[in-house]
Amino acid sequence: MKLIDYVIIAIVALVVSLVIWYLVKNRKKGCSSCNTCSACPYSGQCSDEKKEKEQKN
Amino acid sequence: MILALAGNQNSGKTTLFNQLTGSNQRVGNFPGVTVDVKEGIYRADKSIKIVDLPGIYSLSPYSSEEILTRDFLINKHPDGIINIIDGTSLERGLYLSMQLLLLNIPMVIAINMMDEVYANGIVIKTDVLSEFLKVPIIPISANKNEGTTDLMQAITGLVSNRCSPPKQDFCSGAVHRTLHATAHILEDHAQRANVPASFAAVKIIEGDEPMMKDLALGKNEKDMIEHGIVEMENELVLDRMAAIADMRYQYIEDICKKAVVRPKVDKHHAKTIKIDNILTHKILGIPIFLSIMFFIFWLTFGVIGSFLSDLLSGAIDALAIIVSKGLTSFGINPVVESLVIDGVFAGVGSVLSFVPTIIVLFFLLSLLEDSGYMARVAFIMDKLLRKIGLSGKSIVPMLIGFGCTVPAIMATRTLTSDRDKKMTVFLTPFMSCSAKLPIYAVFAMAFFTQYRALVMIAMYLIGILLAVVAALISKKFVFKGNPIPFVMELPNYRLPTVKNTMLLLWEKTKDFITRAFTIIFIASIVIWFLNKFDIRFNVVQDSQDSILAVIGSLIAPVFTPLGFGNWMASTALITGFMAKEAVVSTFAVLLSTGMENMSVPLATVFSPVSAFSFLLFTLLYTPCVAAVAAVKRELGTKSMFVVVLLQTGLAYTIALVFYQLAMFLG
Numbered sequence: 001m002k003l004i005d006y007v008i009i010a011i012v013a014l015v016v017s018l019v020i021w022y023l024v025k026n027r028k029k030g031c032s033s034c035n036t037c038s039a040c041p042y043s044g045q046c047s048d049e050k051k052e053k054e055q056k057n
Numbered sequence: 001m002i003l004a005l006a007g008n009q010n011s012g013k014t015t016l017f018n019q020l021t022g023s024n025q026r027v028g029n030f031p032g033v034t035v036d037v038k039e040g041i042y043r044a045d046k047s048i049k050i051v052d053l054p055g056i057y058s059l060s061p062y063s064s065e066e067i068l069t070r071d072f073l074i075n076k077h078p079d080g081i082i083n084i085i086d087g088t089s090l091e092r093g094l095y096l097s098m099q100l101l102l103l104n105i106p107m108v109i110a111i112n113m114m115d116e117v118y119a120n121g122i123v124i125k126t127d128v129l130s131e132f133l134k135v136p137i138i139p140i141s142a143n144k145n146e147g148t149t150d151l152m153q154a155i156t157g158l159v160s161n162r163c164s165p166p167k168q169d170f171c172s173g174a175v176h177r178t179l180h181a182t183a184h185i186l187e188d189h190a191q192r193a194n195v196p197a198s199f200a201a202v203k204i205i206e207g208d209e210p211m212m213k214d215l216a217l218g219k220n221e222k223d224m225i226e227h228g229i230v231e232m233e234n235e236l237v238l239d240r241m242a243a244i245a246d247m248r249y250q251y252i253e254d255i256c257k258k259a260v261v262r263p264k265v266d267k268h269h270a271k272t273i274k275i276d277n278i279l280t281h282k283i284l285g286i287p288i289f290l291s292i293m294f295f296i297f298w299l300t301f302g303v304i305g306s307f308l309s310d311l312l313s314g315a316i317d318a319l320a321i322i323v324s325k326g327l328t329s330f331g332i333n334p335v336v337e338s339l340v341i342d343g344v345f346a347g348v349g350s351v352l353s354f355v356p357t358i359i360v361l362f363f364l365l366s367l368l369e370d371s372g373y374m375a376r377v378a379f380i381m382d383k384l385l386r387k388i389g390l391s392g393k394s395i396v397p398m399l400i401g402f403g404c405t406v407p408a409i410m411a412t413r414t415l416t417s418d419r420d421k422k423m424t425v426f427l428t429p430f431m432s433c434s435a436k437l438p439i440y441a442v443f444a445m446a447f448f449t450q451y452r453a454l455v456m457i458a459m460y461l462i463g464i465l466l467a468v469v470a471a472l473i474s475k476k477f478v479f480k481g482n483p484i485p486f487v488m489e490l491p492n493y494r495l496p497t498v499k500n501t502m503l504l505l506w507e508k509t510k511d512f513i514t515r516a517f518t519i520i521f522i523a524s525i526v527i528w529f530l531n532k533f534d535i536r537f538n539v540v541q542d543s544q545d546s547i548l549a550v551i552g553s554l555i556a557p558v559f560t561p562l563g564f565g566n567w568m569a570s571t572a573l574i575t576g577f578m579a580k581e582a583v584v585s586t587f588a589v590l591l592s593t594g595m596e597n598m599s600v601p602l603a604t605v606f607s608p609v610s611a612f613s614f615l616l617f618t619l620l621y622t623p624c625v626a627a628v629a630a631v632k633r634e635l636g637t638k639s640m641f642v643v644v645l646l647q648t649g650l651a652y653t654i655a656l657v658f659y660q661l662a663m664f665l666g
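In the order they appear, the protein sequences are chains V and B. Residue 23 in our numbering sits at position 23 of the first sequence, with consecutive numbering throughout. Residue 244 in our numbering sits at position 244 of the second sequence, with consecutive numbering throughout.
Treat the hints loosely; a few may be bogus.
As the list claims (entries may be wrong) - Here are the computed distance ranges between Cβ atoms for each label pair:
hint, chain 1, residue 1, chain 2, residue 2, range
1, B, N75, V, V15, 34 to 40 Å
2, B, V600, V, W21, 56 to 62 Å
3, V, V15, B, G481, 30 to 36 Å
4, V, S17, B, N538, 45 to 51 Å
5, V, I9, B, N145, 49 to 55 Å
6, B, S607, V, S17, 40 to 46 Å
7, V, V15, B, G121, 38 to 44 Å
8, V, V15, B, K387, 48 to 54 Å
9, V, M1, B, P601, 26 to 32 Å
10, B, I278, V, V15, 22 to 28 Å
11, V, V15, B, G302, 34 to 40 Å
12, B, F307, V, V15, 27 to 33 Å
13, V, S17, B, I473, 35 to 41 Å
Don't read these hints as lab results, they were simulated from the structure. Ideal Cβ placement from N, Cα and C applies to all residues, glycine included.
The following block holds chain B by itself, in its conformation from the complex (with noise of 0.2 Å):
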């Protein structure tokens, strides 16, 4: 049995799908987390499979992952639909269950944060609803579990029995004509396409372009549809689109009428408001932002970040030097001794050093995320990036940004126009992902020891602010046109739970403790390898002589104008492009130092400028390989190239102006 959730953008749907599967998916107080069609089984039961889908406010789909909602409803046939709705914007959810119950499938709808509804003082009448509706009405809480196996034995009792939501009108008038005169016509079509004539043809009367390629409808009959739709349209003095949603609010609003009871004030709704006055306020509401994201980050590379840090790189050392020691007395080869304390624990130990770094930065941001915070945070950049060519919409990949480039570049799927999709993709990389953070903190820590974590915030400034820069050009010469407009739905403020936020956290230290452990461990053996032997294989004495620096020298010279033209930089360059915290990791391993002891050994290999030169490369040339594959993914292989040469030409120029600029000022 196989059973789908639908439902609006931050419903609550894959807070559901996690209690009923026992899964661990993200899930966020902003919409549009959801961005794929998620599958997992139903704990209780093994043969029910509950497939999560991506939030949709209708089944006329603008961007690709609506799209994806709305082809598994209509072509893969579900055995079940749970149609969540928010029990606090009940109106705008009705609005997609009208639709729903017209794909003819057994249907249950679970209205979502009663929790929020009691506390809000809002009654609503599930069984007048139910009546008016014909479908089973479950007042759950996913967040807290209740009412969730209610939910589960209705919608499996109905799938049992195949009952399927009967055969309504929700209208009347010359709305309720044309669709049943379209709904005959078509009548055929829809049966041989297996999609319910009265659905097939109000999507045909929206002009449903996709439902009009599967009815493959004939010319006269395309003729007589259109002249119903005329004659609707004339006597209505509507459009097409506007007759039928005003025909479905107008539905909404009587069984509301009589199913819901709504307090003078909203208390939930009102505290928002105050909040909102404050956080969104025309004037304020930037620099607010800008505030809250400098104290983030102020709080996690200057306080309590970093010192977390320092005390682990300190433990981890210790552990090195024990280590060592005991090698030693064993009387363990000096090469085998170098392989683990040099190898496995400078390459893997530099990178784990920054785990407490990491834990702080997106323990603060997801508190932000799932207080309701960073929908706002898109309405109030909206104003602001709309003048270099984007949307509000925009912010939110960028913001994941700063977590991973992949997932951001996967979040531009939420963006309903091309023309932004691709700019933001383009745009996201700018961002700092938490793998550039460690080769931040090293420099940072070597060479500008006193303003550690304002070199830190101006490495993310300067990304930003070259992202407005290469906004700007692209709106003059590339994406020419203008953004679509901005609409979003912004959630009640919550507090944040303590599952999101573990979770979010979870997730985020498993990656990169993952990476730590995989990626990193690999490329610090293998730079180990080339730097311990020398092309006939024997060891080396001085790493001068190193495959690595054979290697390295052949590239080196490219850098040379940037001021970082030596042979271990330009490793960890090419190293870097597999996962940025290799960059670290191949310093470690190439000067046989620990964290804590990495500052001295660094300072011979740069001065100050060419450290900040290195520093202003990293964070422009081209985006992990997994990121590439990303952009490989979404926009093809020629924008892949693109980016990547795009980003590395940026770097280079930005490196070379700067060391340039720096010697010449003296």
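Chain V with its partners taken away, still in its complex shape (with noise of 0.2 Å):
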């Protein structure tokens, strides 16, 4: 193997980490199906969760 074939793995690495963190932080409620929020039928109890946290902390 040479050093662009460890390159190549590399990012393609990179990219399946950042679409797994992306998957991971939408995973409630079903985000990781609708992920467009404005289409999101439970988009209005996601901003309740964020006062929540926020009250939390």
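Using the supplied hints, reconstruct the complex from the two chains, each of which is provided in its own coordinate frame.
Structure below.
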């Protein structure tokens, strides 16, 4: 394997990690399905949860 | 400062919300688009929070999203209320206004759709209305962002000066006496519960149970109030609910006589009635609807959508070839090259190539929705749905289900009866969501090239037919009883706006693309890895030796009686549980091919009969994980398992019967 092979693998691994991070971040309330918050019927509750978190902090 | 947007369904609350906050919340020309409380910040003043509430007709709610609105207004105590009324149906809007005025919260009434009011030749004397209701009345046209600045100035001024609407009587006689007597009796309780006594009195007379609970009245107080109500009922010869409603409508009629001048013929409404005479015709209504849907599907799958998708898949494959050549010329390791080409390009590309089909389908559906026809569909389908134990209202979630099952399940919140809601949730997965479209397209192309469009339409129809059969069975054995009476406001027909259509289109497209680059991307990499290595992590020459083949072979025998007992098919079905599009991307990775050339290798895995059996199974088996989570949220864990097992069991049975019958008949 050459250096460029490792570079490509590293790029793919990085993208995979970013996608997983994105999916985990949005995993609640089925967000992984409806990525667009405007269309998401749960978006109201998301802001409630954010508020609760802020209050706790 | 928190300002609540409250009004009837389809009065334009979300359109105003979008204008004020700069959001792109979904709007539609049918009642009940908003099913949850949504918040945004006013773009001209960041200290003002705007809350968009689901539409209601009164503060005596029936469905879960109506309860949300009432709870917000009564318990969260917003600083101000912007009450939006559709100017073309002023009387209905004022019915809610009269209740909101009792909440003792600073309030402004925004009369929306003034452009339509003017076009219809209606004159609304806002100063006269304001004199009667004692709150500012601001004419606006939310769609064109006209009057919204005046509206915000009015409400912020009232809130800053804490100017709540003054107490006023809307009635006289028996209702008036009963209201005052009741308010006196419960005054202390109302104070403790932090609700205005006059509002509490009306609710108690109406027999509002949540209010009864909040006030915690003693037995003597309850008896005294009941005595007064019975006297009022006897005097008016009306029951309590009717007496209060009659009082409100009487008042509205009086003020509208003085404040509204209507032309002899309402042009816009007359046009709507003319169109309705054809589109909602007793006999022609359903055939017209079916023809429209058939035309949309034909355009999508047979003409424009498929042509554009073929074009895009050709472009993606060409790009993959260029990248592959580039990687080869750089002397990249063949395994790494396979990761990029067979994993990323084949997997993600196979799903991405369906973006044009999705765009065409949802563009056409959004035209129907924004024009106001979708609301008519609920109306014309009511009679038919009633026969299978549902009401016309259930058609809205089911139509949304053609896009995505998750919001469709959420949309069942608009159904007021628990029975109807459960039944609709159980039936919604039968509607083919847009994620199943790539599966149908790939298999139709590979095995039924000549009848490509027909097979795809057939899959949608089979889903609907089986939903009808399932509904009939469940009506007899599980969901006994009758559906709720169907009452729905039919909006006037409007020309679809470019903004709304584009917004809806953008949402669907963005969602599809995001899924392709997230879930499908990850699934493709995982599938590629499991297909490229054996259990000792050595690169395999033949994918039969791969980890995936080992796992898939364990499950494959289950599907042998269905005609697709091979490890590739069973693997695709498992990944399909994560996201339905993953079925196609899995085949693309396993067969190391792009969309354009998938037909040939796919024919080595399936015969035409087993391919159709596979299509039937994917049409019906368990919804994806996000939809299952939505079912759990709406109906609980038990129902979630019922949906998963029922759908998968049914899918297995139908595919088994079809395949065995086809084999038997030769």
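These are the hints, each one checked on the structure:
no.: 1; hint: B/N75 - V/V15: 34 to 40 Å; verdict: violated, 46 Å
no.: 2; hint: B/V600 - V/W21: 56 to 62 Å; verdict: violated, 38 Å
no.: 3; hint: V/V15 - B/G481: 30 to 36 Å; verdict: violated, 53 Å
no.: 4; hint: V/S17 - B/N538: 45 to 51 Å; verdict: violated, 25 Å
no.: 5; hint: V/I9 - B/N145: 49 to 55 Å; verdict: holds, 51 Å
no.: 6; hint: B/S607 - V/S17: 40 to 46 Å; verdict: holds, 41 Å
no.: 7; hint: V/V15 - B/G121: 38 to 44 Å; verdict: violated, 60 Å
no.: 8; hint: V/V15 - B/K387: 48 to 54 Å; verdict: holds, 52 Å
no.: 9; hint: V/M1 - B/P601: 26 to 32 Å; verdict: holds, 29 Å
no.: 10; hint: B/I278 - V/V15: 22 to 28 Å; verdict: violated, 53 Å
no.: 11; hint: V/V15 - B/G302: 34 to 40 Å; verdict: holds, 36 Å
no.: 12; hint: B/F307 - V/V15: 27 to 33 Å; verdict: holds, 32 Å
no.: 13; hint: V/S17 - B/I473: 35 to 41 Å; verdict: violated, 47 Å
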